[in-house]
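Could you put together the complete structure from these sequences and hints?
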Amino acid sequence: MYIALVMVLVVVGSILFHILSPWRATPIASNWGFIDDTMGLTFLVTGAGFVAVILFMAYCLYRFSHQPGRRAAYEPENQKLEAWLGIVTTIAVIILLAPGLLVWGQFITVPKDAMEIEAVGVQWNWSFRLPGADNQLGSSDVRYIDSANALGLSPADPKGQDDLLVTAGELHLPLGKPVKVLLRSIDVLHDFYVPEIRAKMDLVPGIVTYFWFTPTKIGEYEILCAAYCGTGHPQMRGKMIVESEADFEAWRTAQQTFEQSRKSDAGRDKRASAQ
Amino acid sequence: MSVMGLFFIFIFTVAILWLARQGVMESPWLEEGEVAHYRRAAGAEPPPATKVALAIFLAVAGCLFSLLAAAFFMRGDAPDWQMPPIPGVLWFNTFLLAASSVALQAALVAARRADVERVKTALLIGAATAGFFLIGQMWAWRELIELKFFASSNAANAFFYLLTGVHALHLVGGLVALARTTDKVRNATRITKELTTSVELCAIYWHFLLFVWLLMFAMLIGWADGFGVICRRLLS
Amino acid sequence: MTDASVPQNVAPPPAEVEDVELYHAHSWITKYVFCQDAKVIAIQYAGTAITVGILALVLSWVIRLQLAFPGAIPFIDAQVYYQSVTMHGMIMVVYMLTAIFLGGFGNYLIPLMVGARDMVFPYVNMLSYWVYLIATLVLVASYFFPGGPTGAGWTLYPPQSILTGTPGHEWGIILMLASLILFIIGFTMGGLNYVVTVLQARTRGMTLMRMPLTVWGIFAAAVMALLAFPGLFVACVMLLLDRTLGTSFFVPSIVELGEHKEYVGGSPILFQHLFWFFGHPEVYIVALPAFGIVSDLISVHARKNIFGYRMMVWAIIAIGVLSMVVWGHHMYVSGMDPWFGFFFAVTTLAIAVPTALKVYNWVLTLWHADIHFTTPMLFALGFLVTFVNGGITGLYLGNVIVDVPLSATLFVVAHFHMVMGIAPVLVIFGAIYHWYPKITGRMMDERLGKIHFWITFLGAYAIFFPMHYLGVLGMPRRFYEMGETAFVPASATTLNIFITITALAVGFAQSIFFYNLFKSLKYGAPAGGNPWRAASLEWQTPETPPGHGNWGKQLPVVYRWPYGYSVPGAPEDYLPQNAPPVRGERSP
Chain R
1 MYIALVMVLV VVGSILFHIL SPWRATPIAS NWGFIDDTMG LTFLVTGAGF
51 VAVILFMAYC LYRFSHQPGR RAAYEPENQK LEAWLGIVTT IAVIILLAPG
101 LLVWGQFITV PKDAMEIEAV GVQWNWSFRL PGADNQLGSS DVRYIDSANA
151 LGLSPADPKG QDDLLVTAGE LHLPLGKPVK VLLRSIDVLH DFYVPEIRAK
201 MDLVPGIVTY FWFTPTKIGE YEILCAAYCG TGHPQMRGKM IVESEADFEA
251 WRTAQQTFEQ SRKSDAGRDK RASAQ
Chain U
1 MSVMGLFFIF IFTVAILWLA RQGVMESPWL EEGEVAHYRR AAGAEPPPAT
51 KVALAIFLAV AGCLFSLLAA AFFMRGDAPD WQMPPIPGVL WFNTFLLAAS
101 SVALQAALVA ARRADVERVK TALLIGAATA GFFLIGQMWA WRELIELKFF
151 ASSNAANAFF YLLTGVHALH LVGGLVALAR TTDKVRNATR ITKELTTSVE
201 LCAIYWHFLL FVWLLMFAML IGWADGFGVI CRRLLS
Chain X
1 MTDASVPQNV APPPAEVEDV ELYHAHSWIT KYVFCQDAKV IAIQYAGTAI
51 TVGILALVLS WVIRLQLAFP GAIPFIDAQV YYQSVTMHGM IMVVYMLTAI
101 FLGGFGNYLI PLMVGARDMV FPYVNMLSYW VYLIATLVLV ASYFFPGGPT
151 GAGWTLYPPQ SILTGTPGHE WGIILMLASL ILFIIGFTMG GLNYVVTVLQ
201 ARTRGMTLMR MPLTVWGIFA AAVMALLAFP GLFVACVMLL LDRTLGTSFF
251 VPSIVELGEH KEYVGGSPIL FQHLFWFFGH PEVYIVALPA FGIVSDLISV
301 HARKNIFGYR MMVWAIIAIG VLSMVVWGHH MYVSGMDPWF GFFFAVTTLA
351 IAVPTALKVY NWVLTLWHAD IHFTTPMLFA LGFLVTFVNG GITGLYLGNV
401 IVDVPLSATL FVVAHFHMVM GIAPVLVIFG AIYHWYPKIT GRMMDERLGK
451 IHFWITFLGA YAIFFPMHYL GVLGMPRRFY EMGETAFVPA SATTLNIFIT
501 ITALAVGFAQ SIFFYNLFKS LKYGAPAGGN PWRAASLEWQ TPETPPGHGN
551 WGKQLPVVYR WPYGYSVPGA PEDYLPQNAP PVRGERSP
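Protein chains in written order, with this note's numbering: chain R, 1 to 275; chain U, 1 to 236; chain X, 1 to 588.
Since the hints were derived computationally from the structure, they do not count as laboratory data.
Mixed in with the good hints, there may be bad ones.
Listed next, with one range per pair, are the computed distances between beta-carbon atoms [to be verified]:
no. : chain 1 : residue 1 : chain 2 : residue 2 : range
1   : X       : Trp-61    : R       : Val-12    : 26 to 32 Å
2   : U       : Met-25    : X       : Leu-504   : 47 to 53 Å
3   : U       : Lys-148   : R       : Asn-125   : 36 to 42 Å
Computed list of chain X residues with no C-beta within reach of chain U, every gap over 12 Å [stated by the list, open to error]:
no. : residue
4   : Thr-30
5   : Thr-51
6   : Gly-89
7   : Gly-148
8   : Thr-207
9   : Leu-257
10  : His-260
11  : Trp-314
12  : Ile-317
13  : Glu-481
14  : Met-482
15  : Ala-492
16  : Pro-571
Calculated lysine to any residue pairs in the SDA-like style (CA-CA distance at most 20 Å, straight line) [claimed, not checked]:
no. : chain 1 : residue 1 : chain 2 : residue 2
17  : R       : Lys-80    : U       : Phe-132
18  : U       : Lys-193   : U       : Val-24
19  : U       : Lys-148   : U       : Phe-132
20  : X       : Lys-31    : X       : Thr-544
21  : U       : Lys-193   : U       : Phe-132
22  : X       : Lys-450   : R       : Lys-80
23  : R       : Lys-239   : X       : Glu-446
24  : R       : Lys-180   : X       : Phe-487
25  : U       : Lys-51    : X       : Tyr-123
26  : X       : Lys-261   : U       : Ser-152
27  : X       : Lys-261   : U       : Pro-79
28  : R       : Lys-239   : X       : Phe-487
29  : X       : Lys-450   : R       : His-66
30  : R       : Lys-217   : R       : Asn-31
31  : U       : Lys-148   : X       : Val-264
32  : R       : Lys-112   : R       : Asp-134
33  : X       : Lys-522   : X       : Glu-446
34  : R       : Lys-217   : X       : Phe-487
35  : R       : Lys-80    : R       : Phe-56
36  : R       : Lys-159   : R       : Lys-217
37  : R       : Lys-239   : X       : Glu-484
38  : R       : Lys-239   : R       : Met-115
39  : X       : Lys-450   : R       : Ala-4
40  : R       : Lys-239   : X       : Met-482
C-beta atoms are modelled at their ideal positions from N, C-alpha and C, and glycine is treated no differently.
Structural data, given as structure tokens:
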């Protein structure tokens, strides 16, 4: 008796916790509302399954607990019932899967007009690169990395000379424009993670990965690393600032290009050797 | 990954056919009694446990080599991949291993005919050729190292050492079993059923290792490049 | 249909299965230390697994204390924290759960349940244990080497795991890989034994479809483990070569802390494929034996045959096959070709169907049953709740797009602890309470058992259920400290403190279990041969605890399936598998 009651309380408690919990998903700030919707749908379907199964179990515990003289029914199987349960479960799974796959299809199809930017992870901070006037990012390779070229841009590639380098870990993005984030790591695995935009993706050394999103809310967001990258992992933070197109342009023009950064470095070296 | 796909299709087909024959579709509660359901056709002796164990071990080893092959093809995509030159001695080694396999098959045939002397000779030839194969493999390693194709200088070299090394270790294990069998046969005056099984197990294992070696050799000399391309095309 | 050719009420013919040449122990050492009897090996396996399991439990307290009170505990720094996370995960998954289900329960129960005298290859079986023991010792030894154990996370992802930014990169990682390689070699010896014993040593009349689901679960898990562990083996060998010889299997050209490394062209994702090729089946290697055992516990203590036995067997097979092709769902955001996402999402959610059918059949077994609320039954019920809860959160993570925001958050941690941590551990406890009388001849204390159950079940649920919500909030896993983070409210810390206190309490409550375990050894009520009045073969041994060779002079002959409970017309509410059919008995 009391056991059935406890099981019911577990179910009721879980539901109450869900309703009353102050720990909810962060307010969404990107176009990936569909992800939240799919998750909501998953919650409804699976939650109903959980409640149904455990309540049924609790009823059985209450109704069929041992009493002197009781004898269990003999029923090896009931193929019809099992087939029905199988069909219902399959339908439920399809209900979860179909929208999930549709949204995944969108997730991996980058809009043609998306602005390409690059996020580079290194133990333990974030750097960014935006295309310059030519709207193209130059090629890069780990081999080119040295103290004056932290992101390893190819010095010979003309496309890369006007690329804007952002090494302060603060990325600005214009509101409402789709962004394709190219991800590059120069040491270990990292993961570009901003909870508010829902999307995330690993940075894998040796290859360039990507994902895309459209910022839909002006604000300041924290960039975390979501792939364990050594003892400094939790300290690997960056800032993503979503602002109006005009503010973004103003910020963009203030950034240093690759060419400039090399010149200023060379100048500093010269000064250093002169002293 | 396609390698693993093929491997699993094979393994699961065997497993599911076997299960079906064992009556997994039946309703056990409807059947009572003992003999009625003692599923072993009269006269057909069950295979010895060691043989079943070997079959399962071959599945495990097959899985291991398939995974290595899958890794070989996946890693081989990278632009830095540069296969080392293949030492000519490998052709001779292939011949040795094939000869070893043939010798053990001959030993099995002789054992079934209860010809003790021939079994002894065939086993010794088999062991000797396998031993020379191992020496030949070491020779090939030495040659590559002398030419400065180190494991650390290119992943293709590393795979060469890894694949041949894992294969050689399996063969060393086989040689231990073969030595024990040879020892038993040496002291035997006539061939018992048990000895025949021993010889048979060695022969099966040798054929398996020869088969693996042939596929591996094809991969190393690049005959399997086409397969890698097909894999990539299937996946994209 | 009773076979007409068998005369009724006549002593059964002698068993046809040839008697194995039995190993005889000559001294104390060969009887208890280097022993080849599967039952002793089972105890050795379980004892070792539980011992390292306790170490891993203590490590989980280190993790929890740090998460609730960051910086307040003097001896916990980032290094210790990541080392604890790594060792806790690896020990629990591989050295505890895998070893106890297959090495412990597999060794004890397979021969008894299929009516064999011992494992088919007892010597190999003994070797298997000793190699396992050496593997655990190598692992634990890493605490005594410079740099300590590796802190690479239990997934050991390169390049991180072999670089200097990771604790234990000097020796810890090498010992970890060596230990895993040893474990796999040892396991392969054991696994061959389990599979061949089930295939070859079943007694007369024991068809595959007359095996208890426990044997089915362990058998399927052993087959899967044999096919999955080579993935880990290959990954470990190649990673070890990358670390020691400087090969470039997994590590591309990188610049680590300003220094160009020698590596070139390696693929970190290749390692992830190999690792999860093992890693996902591993979940079911742990789950399938638990499924099997829980089926038997429910059936025995509800005095009712397991509902839909055939479906249960087919589901085990289907899960076993499918689980080999779902590994990519751990890699949805790993940067692998995103088109794989479609394939792995479909296979992953497909596996939910046979799993759900198993759950339905467990609860349907309770319908019109005669439920005895013994301690093993309570643990089985606890398993049902935690498994269903953990199973449905798997539907979130398997559905590729829903996984994107949740991956690498505490939601994942909560999910896998619920489904492959708490659920199987509850089954292990239930199974120990259930089979303890057979192993020792004495009952465990029911009152203490129930107290242990309620604390463990409700406590564990209270630990991991709320944790999901921290994951939904977006709190990432593997964070040594959250620090100042805008989206994390202060109340999250309160919840973390609650979880930690509960975890400590539940951990300490396990001492009730150990007290019960050792006290009952001497003071437990004598159990008799079959205290639960169970039908399966292991309860029908002539001696309790079963002697060497299990069956006395003659092997048992099996006449029916192991779920003959409450059969109409039968005098008792159970029909042992080896009781000869009598006239008048119902034969539908």
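How the hints compare with the structure:
{"no.": "1", "hint": "X:Trp-61 x R:Val-12: 26 to 32 Å", "result": "holds (30 Å)"}
{"no.": "2", "hint": "U:Met-25 x X:Leu-504: 47 to 53 Å", "result": "holds (51 Å)"}
{"no.": "3", "hint": "U:Lys-148 x R:Asn-125: 36 to 42 Å", "result": "holds (39 Å)"}
{"no.": "4", "hint": "Thr-30", "result": "holds (22 Å)"}
{"no.": "5", "hint": "Thr-51", "result": "holds (28 Å)"}
{"no.": "6", "hint": "Gly-89", "result": "holds (23 Å)"}
{"no.": "7", "hint": "Gly-148", "result": "holds (27 Å)"}
{"no.": "8", "hint": "Thr-207", "result": "violated (5 Å)"}
{"no.": "9", "hint": "Leu-257", "result": "holds (21 Å)"}
{"no.": "10", "hint": "His-260", "result": "holds (15 Å)"}
{"no.": "11", "hint": "Trp-314", "result": "violated (7 Å)"}
{"no.": "12", "hint": "Ile-317", "result": "violated (7 Å)"}
{"no.": "13", "hint": "Glu-481", "result": "holds (37 Å)"}
{"no.": "14", "hint": "Met-482", "result": "holds (37 Å)"}
{"no.": "15", "hint": "Ala-492", "result": "holds (40 Å)"}
{"no.": "16", "hint": "Pro-571", "result": "holds (16 Å)"}
{"no.": "17", "hint": "R:Lys-80 x U:Phe-132", "result": "violated (64 Å)"}
{"no.": "18", "hint": "U:Lys-193 x U:Val-24", "result": "violated (33 Å)"}
{"no.": "19", "hint": "U:Lys-148 x U:Phe-132", "result": "violated (24 Å)"}
{"no.": "20", "hint": "X:Lys-31 x X:Thr-544", "result": "holds (18 Å)"}
{"no.": "21", "hint": "U:Lys-193 x U:Phe-132", "result": "violated (30 Å)"}
{"no.": "22", "hint": "X:Lys-450 x R:Lys-80", "result": "violated (37 Å)"}
{"no.": "23", "hint": "R:Lys-239 x X:Glu-446", "result": "violated (57 Å)"}
{"no.": "24", "hint": "R:Lys-180 x X:Phe-487", "result": "violated (24 Å)"}
{"no.": "25", "hint": "U:Lys-51 x X:Tyr-123", "result": "holds (17 Å)"}
{"no.": "26", "hint": "X:Lys-261 x U:Ser-152", "result": "holds (12 Å)"}
{"no.": "27", "hint": "X:Lys-261 x U:Pro-79", "result": "holds (18 Å)"}
{"no.": "28", "hint": "R:Lys-239 x X:Phe-487", "result": "holds (13 Å)"}
{"no.": "29", "hint": "X:Lys-450 x R:His-66", "result": "holds (17 Å)"}
{"no.": "30", "hint": "R:Lys-217 x R:Asn-31", "result": "holds (10 Å)"}
{"no.": "31", "hint": "U:Lys-148 x X:Val-264", "result": "holds (17 Å)"}
{"no.": "32", "hint": "R:Lys-112 x R:Asp-134", "result": "holds (17 Å)"}
{"no.": "33", "hint": "X:Lys-522 x X:Glu-446", "result": "holds (15 Å)"}
{"no.": "34", "hint": "R:Lys-217 x X:Phe-487", "result": "holds (15 Å)"}
{"no.": "35", "hint": "R:Lys-80 x R:Phe-56", "result": "holds (19 Å)"}
{"no.": "36", "hint": "R:Lys-159 x R:Lys-217", "result": "violated (32 Å)"}
{"no.": "37", "hint": "R:Lys-239 x X:Glu-484", "result": "holds (13 Å)"}
{"no.": "38", "hint": "R:Lys-239 x R:Met-115", "result": "holds (19 Å)"}
{"no.": "39", "hint": "X:Lys-450 x R:Ala-4", "result": "holds (15 Å)"}
{"no.": "40", "hint": "R:Lys-239 x X:Met-482", "result": "holds (16 Å)"}
Consistency with the previously given hints fails for numbers 8, 11, 12, 17, 18, 19, 21, 22, 23, 24, 36, ordered from lowest to highest.
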